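Chemist: Next come the chains, spelled out residue by residue.
Number of protein chains: 2
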Amino acid sequence: MQHDGALAGLSRRQLLSLIGLTAGTAAMYQAMSSLGLAQESGYKGPVKLEGDPKGASVLILGAGLAGMTAALELRQAGYKVQILEYNERAGGRNWTLRGGDTYTELGGATQKCEFDEGLYINPGPWRIPYHHNGLLAYCRRLGVTLEPFQQLNHNAFLHSSKAFGGKPQRVREIKTDFRGHVSELLAKVTQKGALEGDVTRQDQEMLLEALRSWGALDKDYAYRESLHTAEFRGFAKDPGGGLGAAPVPGKPIALADILSSGLWDSLANFALYEFQTTMFQPVGGIDMIGKAFAREVGDLIQYGAKVTRIAQDDKGVTVTYEETRNPGSTKQASADWCVCTIPLSILSQIEINVSAPMQAAIEAVPYVSSVKVGLQFKRRFWEEDDLIFGGVSYTDLPITQISYPSTGFNKGGKGVLLGCYTWNGPNSYEFTSMAPEERVKRAVEYGSQIHPQYKDEFENGIAVAWHRSPFTLGCAGDWTDEARKEHYDNLCQIDGRIVLAGEHASYIPAWMEGAILSSLDAITRLHQRVVSG
Amino acid sequence: MQHDGALAGLSRRQLLSLIGLTAGTAAMYQAMSSLGLAQESGYKGPVKLEGDPKGASVLILGAGLAGMTAALELRQAGYKVQILEYNERAGGRNWTLRGGDTYTELGGATQKCEFDEGLYINPGPWRIPYHHNGLLAYCRRLGVTLEPFQQLNHNAFLHSSKAFGGKPQRVREIKTDFRGHVSELLAKVTQKGALEGDVTRQDQEMLLEALRSWGALDKDYAYRESLHTAEFRGFAKDPGGGLGAAPVPGKPIALADILSSGLWDSLANFALYEFQTTMFQPVGGIDMIGKAFAREVGDLIQYGAKVTRIAQDDKGVTVTYEETRNPGSTKQASADWCVCTIPLSILSQIEINVSAPMQAAIEAVPYVSSVKVGLQFKRRFWEEDDLIFGGVSYTDLPITQISYPSTGFNKGGKGVLLGCYTWNGPNSYEFTSMAPEERVKRAVEYGSQIHPQYKDEFENGIAVAWHRSPFTLGCAGDWTDEARKEHYDNLCQIDGRIVLAGEHASYIPAWMEGAILSSLDAITRLHQRVVSG
Chain A
13 MQHDGALAGL
23 SRRQLLSLIG
33 LTAGTAAMYQ
43 AMSSLGLAQE
53 SGYKGPVKLE
63 GDPKGASVLI
73 LGAGLAGMTA
83 ALELRQAGYK
93 VQILEYNERA
103 GGRNWTLRGG
113 DTYTELGGAT
123 QKCEFDEGLY
133 INPGPWRIPY
143 HHNGLLAYCR
153 RLGVTLEPFQ
163 QLNHNAFLHS
173 SKAFGGKPQR
183 VREIKTDFRG
193 HVSELLAKVT
203 QKGALEGDVT
213 RQDQEMLLEA
223 LRSWGALDKD
233 YAYRESLHTA
243 EFRGFAKDPG
253 GGLGAAPVPG
263 KPIALADILS
273 SGLWDSLANF
283 ALYEFQTTMF
293 QPVGGIDMIG
303 KAFAREVGDL
313 IQYGAKVTRI
323 AQDDKGVTVT
333 YEETRNPGST
343 KQASADWCVC
353 TIPLSILSQI
363 EINVSAPMQA
373 AIEAVPYVSS
383 VKVGLQFKRR
393 FWEEDDLIFG
403 GVSYTDLPIT
413 QISYPSTGFN
423 KGGKGVLLGC
433 YTWNGPNSYE
443 FTSMAPEERV
453 KRAVEYGSQI
463 HPQYKDEFEN
473 GIAVAWHRSP
483 FTLGCAGDWT
493 DEARKEHYDN
503 LCQIDGRIVL
513 AGEHASYIPA
523 WMEGAILSSL
533 DAITRLHQRV
543 VSG
Chain B
13 MQHDGALAGL
23 SRRQLLSLIG
33 LTAGTAAMYQ
43 AMSSLGLAQE
53 SGYKGPVKLE
63 GDPKGASVLI
73 LGAGLAGMTA
83 ALELRQAGYK
93 VQILEYNERA
103 GGRNWTLRGG
113 DTYTELGGAT
123 QKCEFDEGLY
133 INPGPWRIPY
143 HHNGLLAYCR
153 RLGVTLEPFQ
163 QLNHNAFLHS
173 SKAFGGKPQR
183 VREIKTDFRG
193 HVSELLAKVT
203 QKGALEGDVT
213 RQDQEMLLEA
223 LRSWGALDKD
233 YAYRESLHTA
243 EFRGFAKDPG
253 GGLGAAPVPG
263 KPIALADILS
273 SGLWDSLANF
283 ALYEFQTTMF
293 QPVGGIDMIG
303 KAFAREVGDL
313 IQYGAKVTRI
323 AQDDKGVTVT
333 YEETRNPGST
343 KQASADWCVC
353 TIPLSILSQI
363 EINVSAPMQA
373 AIEAVPYVSS
383 VKVGLQFKRR
393 FWEEDDLIFG
403 GVSYTDLPIT
413 QISYPSTGFN
423 KGGKGVLLGC
433 YTWNGPNSYE
443 FTSMAPEERV
453 KRAVEYGSQI
463 HPQYKDEFEN
473 GIAVAWHRSP
483 FTLGCAGDWT
493 DEARKEHYDN
503 LCQIDGRIVL
513 AGEHASYIPA
523 WMEGAILSSL
533 DAITRLHQRV
543 VSG
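Protein sequences, first through last, are from chains A and B.
So the number in our numbering is just where the residue sits in the first sequence, counting from 1, plus 12.
So the number in our numbering is just where the residue sits in the second sequence, counting from 1, plus 12.
Derived from the structure by calculation, the hints contain no laboratory data.
Any given hint could turn out to be false.
Where chains are identical, the list cannot tell them apart; a pair therefore holds if satisfied intra-copy or between any two copies.
To be verified - Cross-link-like lysine to aspartate or glutamate pairs, in silico, DMTMM-like; alpha carbons within 20 Å at most:
1) LYS423 - GLU159
2) LYS124 - GLU221
3) LYS467 - GLU126
4) LYS179 - ASP348
5) LYS423 - GLU308
6) LYS174 - GLU217
All values reported here derive from a predicted model rather than from experimental measurement.
Please build the complete structure, drawing on both the sequences and the hints.
Modeler: Set out below in structure tokens:
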């Protein structure tokens, strides 16, 4: 490592650590940028794999987004590439269920999807944040057409079975009223002098003005029933046209009622960077992404290949697999290098000769339990009756949320909504333990507490419990901070001739972007080793 | 009027007034509902014009949305209908400019739109709130395909030329940081006992918990630089994949800086009921709506008809007009009834024999001054460089806002954005006074302070100043509360054989929904008069 003048006495790492301790991580990041150490990850435009790999071969395990990204780029860089894939399709968790599809989960239960033409559910990933640059770049490059995904819908419901007599409340009402009450409280104590000493007099004046604007307060800094608050929270009677058209405001919900309902808990969810507007989804189903990759690298994929052993020596890697169409068969594939994207939940059960630290890392990460249920209804009553166009309703019932389709708006006809989406916790395990038809039945029963129309309009459903998925045994890597500290770097290091990739080898677990960025980082380092070796 | 038992001593109006005074307008509205008086306006499903009009004829003035709604429904109800329209196209302010279109404003300046194929700007209305039920119902009925319109984009900019050295800030940062600071302040004074007496102890406990969640506060109720706050406001370095992928938080903006910047002022804007998610636009341009109506009633429209006089007696209505293709010509059209949708800005200059109260109402409403400028760029740099997909950036510069297209996301290629959108105030008048090319030039100059890419990427532009529009002389009716009190009902009453309709005869001025609801209300009352007369 080169020395940098005055910094000569300290290693870069020591220096950065010092800066971090004294000035905070943002300052450290600035320093890292100056030293050219920052932004080692993150998408920075098309990956550049320069230099001749001289005919080196790479065996890729898994034809999900990580595996196919690696295949696409490595072949283009001059490698001989082969992919082994367990499923009979590409995409992995990038997967869409449509009418006619069948799915057999662990335990043997097989479901046939009975959705009408054009309707679908995405059991795995389903939405794309605007800052997932790597994924967006591949969508652009591979011609995947995107449309907005609605996450926050102000007219969707927040529901607690224990509050407001079980009656769902509109997001816009809880959101506006909570903000209004908070603004009123802070304005009043400001006027009483409670901020003296902490906020300058001049800032207090501006704060009052800002609270009045932001909180929809009146001239006395009160948040109350008025046409002004209605302009934010909605009306009891909307403004109309012609005679008798004057609007009527609704009555704000009291702060005490919002607090005790717990419904404020969902507001933070909507504000997350990962969920902020503008989000996207591919037109036609999330698997349009996997299919677009497969158009590029499909010729490299061997389907129905169940990996049973990964062996390496200093010359190369040999992978043993079973052809699933030919049970008991033993096949082998070899290459100079291996990019393994098999989920850790499965990889931890496969014999692989890697270093002890990598083996420990492979075994250190439990997988998220998640259940999604897609429900088809005779009509899009959520749009027609409730004016809910896309977005998510949250509930304290075991289904956790109901998400409405972000496509085909205002056209009428049938629709499929996501009638249950659990993420860890007892509800997830309970739904996983049920037979698929029971999951669907429960989703309809619970959902009808929020949308009574369910009972008349329901037609059919399909349920995916990720812990019963034969190809992942879980939804996504569930890292704790402690596990990351101990194992993450060991997981990502190139181990001899093997490098791992996938959402589990990223800081964006469960997101497609994590799989892609992990893959780009892994193949960049692998390529550097190959061309410098 | 029937008496209602105990209410016999009071008129309904007196009763309602009493309830309103003592219990607030929401309670009054409940009472009105009980008495069957509420929801006289608002869209309640397809209009029902029952009863035989026995060959009665209606002359409709104006083929905008109000006029065409009236024509569609009245013909279907059995009326003989004719429409006179000043322009050579239907739609009125429901209007889209595309490459090849020309537009001549008052004063004679003619612009030719030079946008590339597929690009457009909507000079008038451009977005549809989810609760504009009437408009949504006609879109459904007439087969207008909708797509989401992005209003709030968390990654768009808030810009003040006087703050942060003129550097635009991201909406997500201002929004999250302001909420965080407010939460912290209120949490701290709550802990100090400042809410004692106003909020119960138990509610204070819950409030603290809610503020911590909503404001992204830490365990000590502080809002500070951390990965937790970054999960809401965004990161200095986003999380990535593989090695070196750990995220780095950014530093929150100090409350004092947010307050003095005035950027908080735009946050309320995003929260308005009229601007909340989910909003819509027609695929292909707003005029898809006008065109869809014109497919139904185009055969009834006489284009290029400039109304100069509207006369009525107890037998019918006679309208004098000039054929604009034949200057100086004098033509007449007659019918039993007239639905006049001519904007008041123009109607007030036309001879019409209506009652003094209606004449006074026609003269009482000034029109909004508004300017829109569409700018075409060689590439969609706002997406490619700045990750801004749709939505609005607000600025204190005279252009007021920049709105990015809500369609064609992530595809690359050229794009048209709305580079200026003023609404009343001196900026609007100043832009209106300029020649069109000067408006475009200024929009590019101002906009380049927010997007420096403007200078290299700009190709061409077009500017519409509504006060110079020959067919409206302004953007929309600009009612004050006082004017409404005095004149609104007089404007909407059927006057002899004439009834007015349009956004100006609604409580939703400037919105397409106002035009449609006004029209439905007007023709419903007109029809009642016809069949009962």
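Chemist: Between the shortest in-copy and the shortest cross-copy C-alpha distance, which are at most 20 Å for LYS467 and GLU126: within, between, both, or neither?
Modeler: Cα proximity of LYS467 and GLU126: one copy only (18 Å, versus 54 Å across).
Chemist: 20 Å Cα cut-off: does LYS423 pair with GLU308 within a copy, between copies, both or neither?
Modeler: between (35 Å within a copy, 19 Å between copies)
Chemist: Please work out whether the CA atoms of LYS179 and ASP348 approach to 20 Å or closer within one copy, between two copies, in both situations, or in neither?
Modeler: Answer is neither; intra-copy 62 Å and inter-copy 51 Å both fail.
Chemist: Pop the pair LYS174 and GLU217 into one bin, within, between, both or neither, using alpha-carbon distances up to 20 Å.
Modeler: between (40 Å within a copy, 19 Å between copies)
Chemist: Check LYS423 against GLU159 for me: Cα-Cα at most 20 Å, and say if that holds within a copy, between copies, both or neither.
Modeler: Both, since 16 Å and 11 Å are each at most 20 Å.
Chemist: When no copy is named, should LYS124 and GLU221 be tagged within, between, both, or neither for a Cα gap of at most 20 Å?
Modeler: Neither way: LYS124 and GLU221 sit 59 Å apart in one copy and 45 Å across, limit 20 Å.
This entry does not satisfy hints 2, 4, going by the numbered hints stated previously.
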